[in-house]
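**Student:** Letter by letter, the sequence shown follows residues 101 to 468 in the numbering used here.
A few of these clues could be false.
[To be verified] Here are the simulated EDC-like cross-link-like pairs (lysine to aspartate or glutamate), alpha carbons at most 20 Å apart as the crow flies:
#, residue 1, residue 2
1, Lys403, Glu467
2, Lys162, Glu194
3, Lys428, Glu121
4, Lys162, Asp192
5, Lys178, Asp201
6, Lys324, Asp339
7, Lys178, Asp302
8, Lys445, Glu417
9, Lys445, Asp402
10, Lys403, Glu427
11, Lys324, Glu467
12, Lys342, Asp332
Just so you know, these hints were derived from the structure itself, not from any lab.
Nothing here was measured: the structure is a model prediction, and the numbers come from that model.
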Amino acid sequence: MAAKNMILSYCFRDSNGDIIESCNQTYPLLPASNIKVVSGYTAYRMLGRDFEFRTDFSLHDKDMLIHGDPTPLLSRQKLREILVASGLDRKDLERVLFKDDIFDDREFADGWSIEDIGFCYQARVVPFSVDEGCYCKEQGGCDGSAPLHDVAKQSVNDQLANFAREISSIVSANNEIEYGRFTHNSSNPHFVYRESLLDILDHIEVYSCNFSIEVLTKYLSYRKTGRGSWEDSAEIISDYMKSLGLDASGIRIVDGSGLSRSNLMSTEFLSDLAHKIIENGDNEFMKLLPSPGRGTLRGRLDKLSNLGLHAKTGSLEYCGSLTGYLEKPGVFFSIIINNSLENGKKIINKIDNLLVDFLGRNGIQLEG
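Let the sequences and hints guide you as you build the complete structure.
**Tutor:** Shown next as structure tokens:
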């Protein structure tokens, strides 16, 4: 029954971008997290590799003012270091005020399904957050000894309230710190917190971080219009794909993470994008994608380590995907399975075996 209902699509290209093998390569399918190659690369090119997020921390009487760019990678430990180093760890703080109007009011994108909760967690997408808007279910889990994506976690209901609580805990405030918003221009900051775009993208692509890529996605339209939204950012990303000379006629972009079941992409498009990334000389971005033993490819495709594999994984209920590049044979590929009634592990095995079989048919030597 699974085989009857399953839709399989793949597209393999050589170093010139010409198709070697393909199956249903023009079908518009649910790409899952493979869309992060699209949204991430758009940010890499449009913002520039040296771009930094700059978040201002200011004091006004007994108020702390937080404004500027988002904080997708800000951890509780890093927040503590900021407050102590800048002298902002004052026990007499009464309020933390945020200027968070850089995004629209929507905190969840269209098409996010409760069915997919087993493959991800998703915090509310807002500019300012600590530990990606999550808390750890396990005692001591978020103490910095392990990556946040390696521990069990739960999203918080109110990001700003959580941010203020973290500050209150760090400074041991005399009274409970209130939180709110402000809209006026602030004075010169006491401290500027910086996050590099490359660090953010590395985190996104390696761990398939939904929260950070959605913050980055909405930030693209904020930079252009002064107000970040999924609709405007989706148009920006789509237009950028077209500017690269890619055929984007069959794609539909709703979010940046691939959580939305309204996204549609073909393996022809995704493999062509992988080729375009290398053709443009952006090997640096391609190498941000997981490799065997790293991130979401940990425990997968180890026998391809000698081939310089860099690939983005993707998993949702009934869906799996893999898009990337093999350096040594110079092969670009994209594989998508939709409508499979098998579990996630079996879908992953099908995808991995398909890639390995392709290499074997083409006489490419694997490790072991």
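**Student:** Could you run down the list of hints and mark each one as holding or not?
**Tutor:** Now the hints, each set against the structure:
1. Of the pairs offered as hints, the one joining Lys403 and Glu467 holds, with about 5 Å between alpha carbons and a cut-off of 20 Å not exceeded.
2. At roughly 6 Å between alpha-carbon atoms, Lys162 and Glu194 fall within 20 Å of each other, so this suggested pair holds.
3. Restraint check: the Cα-Cα separation between Lys428 and Glu121 comes to about 18 Å, which is no more than 20 Å; the hinted pair holds.
4. Taken as a hint, the Lys162 and Asp192 pair is honoured in the structure, with Cα atoms around 7 Å apart against an allowance of 20 Å.
5. About 24 Å separates the Cα atoms of Lys178 and Asp201, which puts this hinted pair outside 20 Å; it is violated.
6. Annotation: proposed proximity of Lys324 to Asp339 holds, straight-line Cα distance about 13 Å (limit 20 Å).
7. Restraint check for Lys178 and Asp302: satisfied, since their Cα atoms lie roughly 18 Å apart, inside the 20 Å limit.
8. At most 20 Å may separate the alpha-carbon atoms for a hinted pair to count; Lys445 and Glu417 meet this at roughly 11 Å.
9. This hinted pair checks out: Lys445 and Asp402 have alpha carbons roughly 16 Å apart, not beyond 20 Å.
10. For the hint pairing Lys403 with Glu427, the CA-to-CA distance comes to about 14 Å; that is within 20 Å, so the pair holds.
11. Pair hint Lys324 plus Glu467 does not hold up; C-alpha atoms about 47 Å apart against a cutoff of 20 Å.
12. In summary, the hint linking Lys342 to Asp332 is supported, as the alpha carbons are separated by about 16 Å, within the 20 Å threshold.
Hints 5 and 11 from the list above are not met by this structure, while the remaining hints are.
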